[in-house]
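From just these sequences and the hints, can you work out the full model?
Under this note's numbering, the residues of the sequence shown are numbered 102 to 371, in order.
Calculated directly from the structure, the hints in this document are not laboratory data.
Result set (DSS-like, lysine-lysine): computed pairs, CA atoms no more than 25 Å apart in a straight line:
1) Lys220 <-> Lys282
2) Lys185 <-> Lys282
3) Lys220 <-> Lys185
Here are the computed distance ranges between Cβ atoms for each label pair:
4) Thr145 <-> Ser206: 23 to 31 Å
5) Ser357 <-> Glu189: 16 to 24 Å
6) Thr249 <-> Ala350: 22 to 30 Å
7) Asn354 <-> Asp293: 22 to 30 Å
8) Trp280 <-> Val331: 20 to 28 Å
9) Leu253 <-> Ser135: 18 to 26 Å
10) Ala351 <-> Gly173: 23 to 31 Å
11) Ala291 <-> Ala351: 24 to 32 Å
12) Ala267 <-> Tyr214: 24 to 32 Å
Note that this is a predicted model, so its numbers are computed, not measured. Glycine included, C-beta positions come from ideal geometry on N, C-alpha and C.
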Amino acid sequence: MRTKAILFHTAIAAGLLISTSAAAQAAQPQEMSSPWSFSASIGTDIAVGGEVMNAGNSNALNLATLNSNLSGTGVLMMRGRDYKDMYEPGAKAAVEVRYAISELSEYFGSVSYMRAAGKNNIDVGCIASVALACNTRLLGSVSDLQETAVELGYRHWLGTGFISEAIRPYFAIRGGAAWSKGGHNYLHTATDSLAMWRLYDDSVVYAAQFDIGATYTISRNAELAAEIGVRYSSDRDGLDTDYGAIGLAAINNNSSRVSIPMSVKLNAVF
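Right, dumping it as structure tokens:
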């Protein structure tokens with residue numbers, strides 16, 4: 102009987118010791134993973150608004166100065182053309198450095214590069230007689246649109262998972278500046294080359310963007326994410342040297358752009 106009593110009291114003491122140890126461990130703060138993380142993304146940027154070339158008529162020109170195969174006096178009647186007319190959807194790559202300020206929010210900085218291929222043989226207007234009757238179709242091809250951007254932003258996750266706890270929706274806002282490479286426009290008719298005229302100088306443009314997206318947790322240190330947004334980019338610096346000389350200085354005065362960026366990304370903790 103004495104042996105059973107000793108075993109009983111020993112078991113109770115061991116249970117109390119284990120319970121006390123577990124409670125003490127739970128009371129201690131849990132070790133936090135690093136607040137720093139990074140992400141790499143690829144995607145597209147699709148223009149939905151903004152003019153590359155405004156409509157307008159040139160001064161009366163001696164057409165032979167454009168090409169010796171042309172003769173007489175005429176006017177270049179330019180049609181307005183927007184970004185989706187003149188460029189393919191852009192390809193974009195970016196990296197982000199991120200700093201968590203809570204379980205549901207973070208600040209981030211990003212560097213991105215976007216390139217949209219210029220389209221060829223776009224109808225940009227016509228060569229008209231002085232009576233302004235369109236006689237000859239005018240075609241244009243633009244150089245690629247290239248931008249390198251540096252931005253800062255804030256991202257916030259909603260408190261609950263979407264469909265499952267592994268999928269978490271969020272929204273983000275960002276803003277910054279981008280270096281936009283200058284661009285030119287090659288003008289020609291169906292048979293004759295006319296001019297390679299500069300449209301835009303190298304420019305610093307300012308951008309603001311709002312995104313919604315969702316992350317999918319694949320491990321303690323990694324996530325996949327998909328994101329879509331709306332982006333506004335300010336005017337590029339127009340060059341008037343070529344078009345201004347023929348009375349079309351206003352052709353490149355309104356070049357701000359609205360686009361829809363979409364991307365997929367991999368997020369990882371340092």
